[in-house]
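**Q** Chains as they are written, first to last, in our numbering: chain A, 2 to 192; chain B, 2 to 192.
Among the clues, some could well be false.
Note that identical chains are pooled: a pair holds if it fits in a single copy or bridges any two copies.
Dumping the calculated DSS-like pairs for lysine-lysine here, alpha-carbon to alpha-carbon at most 30 Å [claimed, not checked]:
1. 151 x 189
2. 151 x 46
3. 116 x 151
4. 66 x 189
5. 151 x 66
6. 116 x 46
7. 189 x 46
8. 151 x 92
No lab work stands behind these hints, which were simulated from the structure alone.
Protein chains: 2
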Amino acid sequence: MTSSAVALVISGPSGVGKGTLVNMLRREFPSLEFSVSYTTRPPRKGEVDGEHYRFVSREEFLRLKEEDFFAEWAEVHSNYYGTPRDEIERKLSEGIDVVFDIDVQGARQLRKNLKDATFVFIMPPSLEELRNRLRGRSTESEELIEMRLKNAEEEMSLADEFDYIVVNDNLEEAYEILRCIFISQHAKPRK
Amino acid sequence: MTSSAVALVISGPSGVGKGTLVNMLRREFPSLEFSVSYTTRPPRKGEVDGEHYRFVSREEFLRLKEEDFFAEWAEVHSNYYGTPRDEIERKLSEGIDVVFDIDVQGARQLRKNLKDATFVFIMPPSLEELRNRLRGRSTESEELIEMRLKNAEEEMSLADEFDYIVVNDNLEEAYEILRCIFISQHAKPRK
């Protein structure tokens with residue numbers, strides 16, 4: 002027998018293009034559901050509550066965390082992020098494929114709770130290129146960008162813990178590899 | 002760092018379409034080299050010595066086997082088949098990707114000698130369909146076909162030992178999965 006539902010965890014430093022790649026994947030595979038994370042950070046332009054994130058207050062987040070609501074949670078750049086546990090488990094048990102877009106800390110934590118998931122690290126071609134992309138996004142101060150870069154360097158040293166590493170130099174090429182990783186997971190024998 | 006050379010082992014019952022799938026892969030990826038097996042079986046129509054197989058006598062095969070020349074060898078349907086060890090190791094160490102088309106016994110044995118290889122089982126949609134294909138090939142007696150089917154049934158029970166299982170119902174769909182398995186192997190972290 003080949004495997005049932007696939008849980009695909011996309012992680013990597015801020016600004017590396019995780020969100021873009023996840024969107025491309027969802028466009029090609031409409032039945033793939035997105036794990037909507039909870040966060041305390043304010044919405045960016047164009048972000049819709051319940052679609053990109055569930056935007057909650059710090060108090061609400063901490064209350065949910067106490068209730069063991071999250072399969073993983075992390076504090077990243079002074080904001081909280083978390084993945085709801087029950088919702089994901091329900092989807093997977095119903096045979097629905099789920100894709101996650103989460104930070105590196107969260108992905109490492111999720112590995113403990115979601116052993117059969119596939120973990121993909123999106124790698125920038127270089128720190129210099131990552132700096133350019135974060136500046137290009139231009140929603141953040143130079144100070145915040147330097148903080149993200151410092152974190153990125155640490156995160157990149159953990160890439161080898163992941164099942165796959167996809168270098169996002171050319172977006173089309175990175176996507177081709179990512180879609181192949183997703184497709185190939187369905188051919189794994191059921192454990 | 003992501004991985005270097007990929008060793009992709011394609012296996013499965015006789016008549017399942019391994020050869021066709023391997024040829025499609027080599028056409029799309031010309032730098033992928035084919036591991037030419039040694040065999041004592043007579044060439045089929047169109048088969049070229051040194052390209053599809055190295056056709057050797059029974060005496061020659063047994064002599065090589067004694068010299069530990071083979072990374073795996075197997076007797077299948079009264080013929081010997083074997084994979085030359087040194088040649089494969091040299092190619093992989095030079096960073097050349099290699100694809101293998103080998104029987105299920107041989108693949109299981111190769112697993113011991115080539116731990117980092119990726120093992121793919123090509124599965125027929127059903128035994129009935131496999132019988133039709135073997136008859137369609139029409140190079141073999143009905144008796145030989147029944148022997149192959151009996152072996153196929155045993156082999157299919159071992160599919161879960163493989164890294165991936167690709168059902169060859171529709172050739173184009175099976176190929177899309179196989180090429181994705183190959184592409185995704187290049188994104189695995191180096192061990």
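**Q** Which hints from the list above does the structure break, by number from lowest to highest?
**A** Violated hints (numbers, rising): 4, 6, 7 and 8; every other hint is consistent with the structure.
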